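Taken in sequence, the protein lines are chains A and B.
As numbered in the UniProt record's numbering, residues 1 to 421 make up the first sequence, in order.
As numbered in the UniProt record's numbering, residues 1 to 421 make up the second sequence, in order.
To be clear, the hints were calculated from the coordinates, so they are not data collected in a lab.
Note that the structure is predicted; figures quoted are calculated from it, not measured.
Glycine is no exception: its CB is placed at the ideal position from the N, C-alpha and C atoms.
Some hints here could point you the wrong way.
[Claimed, not checked] Label-pair distances were calculated between CB atoms; the ranges are:
1) A:K214 with B:K250: 49 to 59 Å
2) A:E53 with B:E53: 19 to 29 Å
3) B:R385 with A:R227: 31 to 41 Å
4) A:D234 with B:E315: 32 to 42 Å
5) A:V187 with B:E53: 53 to 63 Å
6) A:E53 with B:N149: 16 to 26 Å
7) A:K8 with B:G300: 47 to 57 Å
8) B:S264 with A:V187: 47 to 57 Å
9) A:P364 with B:R65: 40 to 50 Å
10) B:E263 with A:E206: 43 to 53 Å
Number of protein chains: 2
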Amino acid sequence: MTNYIEVKAEILAIGDELLYGQINDTNSHWISQELDKIGVRVIHRSTVGDNSESMLAAFEAAEKRADIVLMTGGLGPTNDDLTKPLLAKYFDCEIELVPEALEAVKTFFEKRGRELTELNRLQAHLPTKCTYVPNVVGTAPGMWFEENNTLWMSMPGVPHEMKKLMKDFVIPKIKEKFELPVIYHKVIKTVGIGESWLADLIKDWEKNLPQNIKLAYLPSLGQVKLRLTAFGNDYDELQANVETQIDLVKPLIEKYIYGYNLESLEESIGRLLKQKNKKVALAESCTGGYISHLITSIPGSSKYFQGALVPYHNEFKNSLLNVDKTVLKNHGAVSEQTITLMAENIREQFNADYGLASSGIAGPEGGWAEKPVGTVWIACAMDGRTISKKLQLTQDRMLNIQLTAVATLNLLRLSILEETE
Amino acid sequence: MTNYIEVKAEILAIGDELLYGQINDTNSHWISQELDKIGVRVIHRSTVGDNSESMLAAFEAAEKRADIVLMTGGLGPTNDDLTKPLLAKYFDCEIELVPEALEAVKTFFEKRGRELTELNRLQAHLPTKCTYVPNVVGTAPGMWFEENNTLWMSMPGVPHEMKKLMKDFVIPKIKEKFELPVIYHKVIKTVGIGESWLADLIKDWEKNLPQNIKLAYLPSLGQVKLRLTAFGNDYDELQANVETQIDLVKPLIEKYIYGYNLESLEESIGRLLKQKNKKVALAESCTGGYISHLITSIPGSSKYFQGALVPYHNEFKNSLLNVDKTVLKNHGAVSEQTITLMAENIREQFNADYGLASSGIAGPEGGWAEKPVGTVWIACAMDGRTISKKLQLTQDRMLNIQLTAVATLNLLRLSILEETE
Chain A
1 MTNYIEVKAE ILAIGDELLY GQINDTNSHW ISQELDKIGV RVIHRSTVGD NSESMLAAFE
61 AAEKRADIVL MTGGLGPTND DLTKPLLAKY FDCEIELVPE ALEAVKTFFE KRGRELTELN
121 RLQAHLPTKC TYVPNVVGTA PGMWFEENNT LWMSMPGVPH EMKKLMKDFV IPKIKEKFEL
181 PVIYHKVIKT VGIGESWLAD LIKDWEKNLP QNIKLAYLPS LGQVKLRLTA FGNDYDELQA
241 NVETQIDLVK PLIEKYIYGY NLESLEESIG RLLKQKNKKV ALAESCTGGY ISHLITSIPG
301 SSKYFQGALV PYHNEFKNSL LNVDKTVLKN HGAVSEQTIT LMAENIREQF NADYGLASSG
361 IAGPEGGWAE KPVGTVWIAC AMDGRTISKK LQLTQDRMLN IQLTAVATLN LLRLSILEET
421 E
Chain B
1 MTNYIEVKAE ILAIGDELLY GQINDTNSHW ISQELDKIGV RVIHRSTVGD NSESMLAAFE
61 AAEKRADIVL MTGGLGPTND DLTKPLLAKY FDCEIELVPE ALEAVKTFFE KRGRELTELN
121 RLQAHLPTKC TYVPNVVGTA PGMWFEENNT LWMSMPGVPH EMKKLMKDFV IPKIKEKFEL
181 PVIYHKVIKT VGIGESWLAD LIKDWEKNLP QNIKLAYLPS LGQVKLRLTA FGNDYDELQA
241 NVETQIDLVK PLIEKYIYGY NLESLEESIG RLLKQKNKKV ALAESCTGGY ISHLITSIPG
301 SSKYFQGALV PYHNEFKNSL LNVDKTVLKN HGAVSEQTIT LMAENIREQF NADYGLASSG
361 IAGPEGGWAE KPVGTVWIAC AMDGRTISKK LQLTQDRMLN IQLTAVATLN LLRLSILEET
421 E
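Between the sequences and the hints, there should be enough to build the whole structure, so can you do that?
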């Protein structure tokens with residue numbers, strides 16, 4: 001087995017709004033995952049309010065327990081934010097203007113054509129013992145301390161600012177400071193099968209996994225991730241071990257695997273479409289633009305995404321998408337006949353290789369006996385044929401929108417693979 | 001000033017899977033909200049692993065800080081679950097079979113036609129100093145202690161089991177044990193102004209807030225929430241005090257306020273459109289369907305949302321949205337001239353009162369000197385006029401999409417208010 005020195009980290013979230021339940025602390029969970037990936041062990045997480053006594057006590061307790069203390073929040077320009085003055089007090093140093101930080105804040109506002117306020121100017125004043133860490137997506141800088149034989153990082157509570165500071169500065173810095181154990185992760189991403197069915201298909205393989213490889217099931221909406229984690233001393237060896245196991249499990253679940261590691265379903269579809277040099281267009285009714293949003297959230301999607309139409313009423317399904325009035329009248333908007341025409345017509349309008357369509361009753365209202373809330377039709381039109389599928393989903397509107405999006409993207413994925421095999 | 005005795009609570013989440021980021025601790029946030037509602041003040045939250053030393057330390061620290069300690073997790077039948085033995089050790093008592101608990105577990109399994117295992121039988125053994133609290137939806141019972149002048153409750157980590165125990169037992173028990181203060185919260189939701197500018201506009205008002213009312217700034221993408229929290233004995237009095245303060249601050253920031261408490265920007269826009277009986281349609285280029293998704297995520301949005309077009313390429317801005325080819329050629333897709341036509345034409349196509357449009361360079365690629373990544377034009381077309389606006393945003397694609405959506409929805413909000421004043 002392995003013989004590394006364990007590096008211990010503590011995560012400290014600061015803010016009354018967290019303790020009052022006004023804001024959900026998603027930062028601590030995300031940081032836990034990032035540290036786990038690089039083999040740093042999170043041994044404690046705390047949430048404290050905007051209160052000097054409890055914050056100072058938390059600094060002290062964390063210092064006793066951990067080699068690294070990562071804190072988020074309490075850095076805004078307003079008066080209820082105490083992190084900076086208390087860190088200065090805790091490390092017994094002054095707070096002074098950092099010209100470089102002032103420049104950064106100025107530029108941040110100039111870019112946005114806005115006036116710098118006195119409060120913003122104050123954000124460029126930092127404890128003299130800290131290393132100034134630029135925050136390029138916000139106004140509150142990061143602060144890095146190496147004090148009392150512990151590494152400290154203070155970050156804003158705004159998730160995308162914190163994440164940028166973690167990726168650009170904290171993670172590299174930690175890797176530079178410590179001899180971390182070698183950990184190799186690989187995630188198999190699956191879609192179109194539930195956790196328990198997946199577990200059933202691979203149970204024998206799972207039983208025979210080597211001791212230094214751990215398997216975790218990470219289910220999310222309509223998808224299940226399989227995370228393989230190998231611990232050891234030699235990266236290449238671990239990688240080889242994991243790849244061997246993946247070669248063994250692949251044939252058991254091939255058609256459900258759409259990608260690996262960080263690749264999202266919409267990214268994998270983008271990759272496929274680019275490979276095959278094909279283009280897609282969408283007619284979204286019940287999903288109201290959500291599928292197009294997922295596809296266009298991927299950089300470079302303009303190469304394969306032609307566009308979309310959201311005809312939210314029958315009148316527009318006819319006038320803008322040329323769905324025959326009598327079909328709409330006789331079968332309704334949520335029917336195989338309508339969804340087929342929607343997919344075929346949008347494909348033609350946008351001169352695409354694949355035309356996707358969704359139409360259903362998202363809820364919470366609008367259902368009836370024959371077509372209850374959660375009834376959804378999806379379709380994919382391609383050269384020469386159109387595949388349509390009926391889904392029976394939940395009572396929850398948002399859940400229905402999300403599950404329909406995953407099912408529709410998966411229908412496209414399978415269509416591309418079948419058609420181009 | 002108020003003269004209640006503040007009741008302090010600490011929430012303790014137990015489990016390695018939380019610290020490693022394998023499971024997201026949603027329990028602590030939910031418990032925070034429930035305690036906040038009844039005027040119990042959460043002063044600290046901790047997450048510790050399945051480890052005797054850190055768990056005992058956490059009990060001790062919590063006892064020093066809080067009147068009530070609510071813990072979740074570490075109660076499963078497996079060996080890595082330490083909560084029960086450690087509570088027995090901490091309170092210096094034995095663990096004995098509780099016949100009533102055994103009956104409950106037996107019934108639980110009979111109902112499901114399953115065999116009772118030895119491990120399940122052990123779940124009916126509890127510390128002698130605790131009050132057995134039946135868990136009717138699971139196998140791990142709740143444990144209530146009144147020790148060391150503190151109230152303790154241990155609950156399973158499974159969210160729906162924890163929630164049932166909280167609602168049926170813990171909340172009523174706390175209300176019975178304490179004279180609780182009354183807490184009144186109201187959140188003012190603003191859009192279109194940054195935290196520091198907002199703080200600047202209301203700084204005098206903030207200085208003069210009564211001592212029993214606390215203000216917190218809660219910023220999120222393009223929005224800032226102002227949370228007023230009043231502590232006292234009389235709900236109606238607190239509500240009146242808070243409303244008085246809101247009446248004072250309103251005139252200072254009127255145009256930025258879109259709603260209160262839990263209302264989202266897209267909900268408030270839906271409310272406005274329904275009130276005025278107006279309808280909206282969108283032409284989304286750089287936002288790729290995201291704004292339509294936000295609008296249609298609200299139940300009942302079909303009453304005011306007509307539909308949307310996502311013409312992701314100039315060719316379709318012309319063929320499907322009738323934007324003049326020469327305008328596209330001479331001014332480009334990201335220009336005042338193009339965005340104006342997009343908004344006006346989509347309004348006409350969908351026979352809407354308001355036509356919204358977005359067109360920009362979301363990035364990370366596609367920018368150039370004259371129009372760098374983050375350059376976005378938005379517009380709102382209405383009866384007789386069209387308002388357009390240029391935004392200079394970030395390098396981050398997702399952020400640009402989200403910030404454009406907020407700005408566009410806010411442009412619609414202001415247009416509705418101006419037009420119908």
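Against the structure, the hints come out as follows:
Taking 49 to 59 Å as the suggested C-beta distance range, the pair K214 of chain A and K250 of chain B conforms, at roughly 56 Å. At about 25 Å, the beta-carbon gap between E53 of chain A and E53 of chain B stays in the expected band of 19 to 29 Å. At roughly 55 Å, the beta-carbon separation of R385 of chain B and R227 of chain A lies outside the given 31 to 41 Å, and the hint is violated. For D234 of chain A and E315 of chain B, the Cβ-Cβ distance of about 54 Å falls outside the hinted range of 32 to 42 Å, so the restraint is violated.
Checked against the hint of 53 to 63 Å, the pair V187 of chain A and E53 of chain B fails, with Cβ atoms roughly 32 Å apart. In this structure the supplied range 16 to 26 Å holds for E53 of chain A paired with N149 of chain B, their Cβ-Cβ distance being about 20 Å. In this structure the hint that K8 of chain A and G300 of chain B lie 47 to 57 Å apart at CB holds, the actual value being about 51 Å. Between S264 of chain B and V187 of chain A the C-beta distance comes to about 32 Å, which lies outside the given range of 47 to 57 Å.
Checked against the hint of 40 to 50 Å, the C-beta distance between P364 of chain A and R65 of chain B comes to roughly 42 Å, which is consistent with it. Our hint of 43 to 53 Å for E263 of chain B and E206 of chain A holds, since their Cβ atoms are close to 47 Å apart.
Violated hints, in rising order: 3, 4, 5, 8; the structure is consistent with all others.
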